[in-house]
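S.K.: Chains A and B are the protein sequences, given in the same order.
So for the first sequence, our numbering puts the first residue at 1; every next one is plus one.
So for the second sequence, our numbering puts the first residue at 1001; every next one is plus one.
These aren't lab readings, by the way, just hints derived from the structure by calculation.
Hints may be right or wrong, so weigh each one.
Said to hold, decoys possible - Some residues of chain A that are not near chain B, with every Cβ distance over 10 Å (derived):
1. L6
2. L7
3. R157
4. T176
5. G186
Unchecked claim - Straight line, CA to CA, 25 Å or less: simulated SDA-like cross-link-like pairs of lysine to any residue:
6. A:K127 x B:G1095
7. A:K2 x A:L154
8. A:K94 x B:V1079
9. A:K94 x B:W1017
10. A:K127 x A:G70
11. A:K127 x B:Q1101
12. A:K127 x A:L64
13. A:K2 x B:V1109
14. A:K94 x B:Q1101
15. A:K127 x A:L7
16. A:K2 x A:E125
17. A:K2 x B:L1091
18. A:K2 x B:R1135
From the three backbone atoms N, C-alpha and C, an ideal C-beta is built for every residue, glycine too.
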Amino acid sequence: MKEYILLFVSAALVNNVILARFLGLCSFMGVTTRVDTAVGMGMATTFVITVSSMIDWGVERFLLEPFGLGYLRTVTFILVIAGAVQFTEMTIRKVSPSLFQMLGIYLPLITTNCAVLGVTLLLVEGKMSFLDATLFAFASSVGYSLVMIIFAGLRERLSLAEVPQLFAGPPIGFITASLLAMAFMGFSGI
Amino acid sequence: MVEDFARVVAADADFAWLEPEQGPSCGACSASAACGAKGIGTLASKLEARRFALPQPADEPRFRVGERIVVGVGAPTLVSGAAIAYMLPLLTLFGAGFVAQALDGRDGVTLLASIGGLCAGLALAALLARRMSARGGLALHYLRRAGAATACIPSGGGS
Chain A
1 MKEYILLFVS AALVNNVILA RFLGLCSFMG VTTRVDTAVG MGMATTFVIT
51 VSSMIDWGVE RFLLEPFGLG YLRTVTFILV IAGAVQFTEM TIRKVSPSLF
101 QMLGIYLPLI TTNCAVLGVT LLLVEGKMSF LDATLFAFAS SVGYSLVMII
151 FAGLRERLSL AEVPQLFAGP PIGFITASLL AMAFMGFSGI
Chain B
1001 MVEDFARVVA ADADFAWLEP EQGPSCGACS ASAACGAKGI GTLASKLEAR
1051 RFALPQPADE PRFRVGERIV VGVGAPTLVS GAAIAYMLPL LTLFGAGFVA
1101 QALDGRDGVT LLASIGGLCA GLALAALLAR RMSARGGLAL HYLRRAGAAT
1151 ACIPSGGGS
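Put together the whole structure using the sequences plus the hints.
M.R.: Here you go:
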């Protein structure tokens, strides 16, 4: 159990997808204007990253590795991610049309989120067992969601603050993100 | 309250059918013309797939085809909806995965058990969502009419 906790903390905080690996910055800046939308996007991304990583692990272990098709890894993983997003959309639509009305807006954004592909490539490079790989993907996406929510909270407060015109909008957002990244560097001491 | 625009595409005496307008998450980006994200054609990007019905207002003029209105959903509803749809299946996925790992230990068996857990979680989520919908907990609410010139999302969802 201890190794699972360490894996979780390492993937979510120490090697945070956004602030340490700089992946998924488009959605990080685009969907963090409000905390509630950041929560919705974060949960959707968590689901897609975990499910697509699970499938990608199986594809790598049972198809690409035994047949020496490693050079097809990136293309195959992109296909799996697009399929996972489509599966998620169809499932949410079937599970609850009402939820689909509310949450469907985030899903197309996930397909082109490089954090999804980045996490799956990282776990394959790490040669992890299935449960470790899935937990790593889940923890990475929880870290992604955490940063999204923190940053959305900061931006909600920034929108009420008096920012010099030169820095208004994305510039002050990036400055805030860099300060947040420095704060997260503190976790590297764990 | 998370708000969004919708356009009336059909209406009768009791109900109006609306399609949400494309959100500005990608569209407002300065690089949207060159970005491939909007051309992916996923289900959620097809507006017809997201068509929904609202009852005609009792104390205001009826909705007419082509009219733009602002609809909203409470933030707690959005968060609890997302938790049911996404987190519950993941919890059952990991529950089944950990049990299989402890009992058998082989990766293939853990993978199959996790898929089973995911399916069970999705079925449970469907059940819970149906109950919430039956109580009206997941419904979108009509907030106000929007002028034709109103171009931005009133709150949230923008980049």
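S.K.: Now look at each hint and say whether the structure bears it out.
M.R.: Status of each hint after checking the structure:
{"no.": "1", "hint": "L6", "verdict": "holds, 16 Å"}
{"no.": "2", "hint": "L7", "verdict": "holds, 13 Å"}
{"no.": "3", "hint": "R157", "verdict": "holds, 15 Å"}
{"no.": "4", "hint": "T176", "verdict": "holds, 16 Å"}
{"no.": "5", "hint": "G186", "verdict": "holds, 28 Å"}
{"no.": "6", "hint": "A:K127 x B:G1095", "verdict": "holds, 23 Å"}
{"no.": "7", "hint": "A:K2 x A:L154", "verdict": "violated, 33 Å"}
{"no.": "8", "hint": "A:K94 x B:V1079", "verdict": "holds, 19 Å"}
{"no.": "9", "hint": "A:K94 x B:W1017", "verdict": "holds, 19 Å"}
{"no.": "10", "hint": "A:K127 x A:G70", "verdict": "holds, 13 Å"}
{"no.": "11", "hint": "A:K127 x B:Q1101", "verdict": "holds, 17 Å"}
{"no.": "12", "hint": "A:K127 x A:L64", "verdict": "holds, 13 Å"}
{"no.": "13", "hint": "A:K2 x B:V1109", "verdict": "holds, 23 Å"}
{"no.": "14", "hint": "A:K94 x B:Q1101", "verdict": "violated, 30 Å"}
{"no.": "15", "hint": "A:K127 x A:L7", "verdict": "holds, 14 Å"}
{"no.": "16", "hint": "A:K2 x A:E125", "verdict": "holds, 22 Å"}
{"no.": "17", "hint": "A:K2 x B:L1091", "verdict": "holds, 19 Å"}
{"no.": "18", "hint": "A:K2 x B:R1135", "verdict": "violated, 42 Å"}
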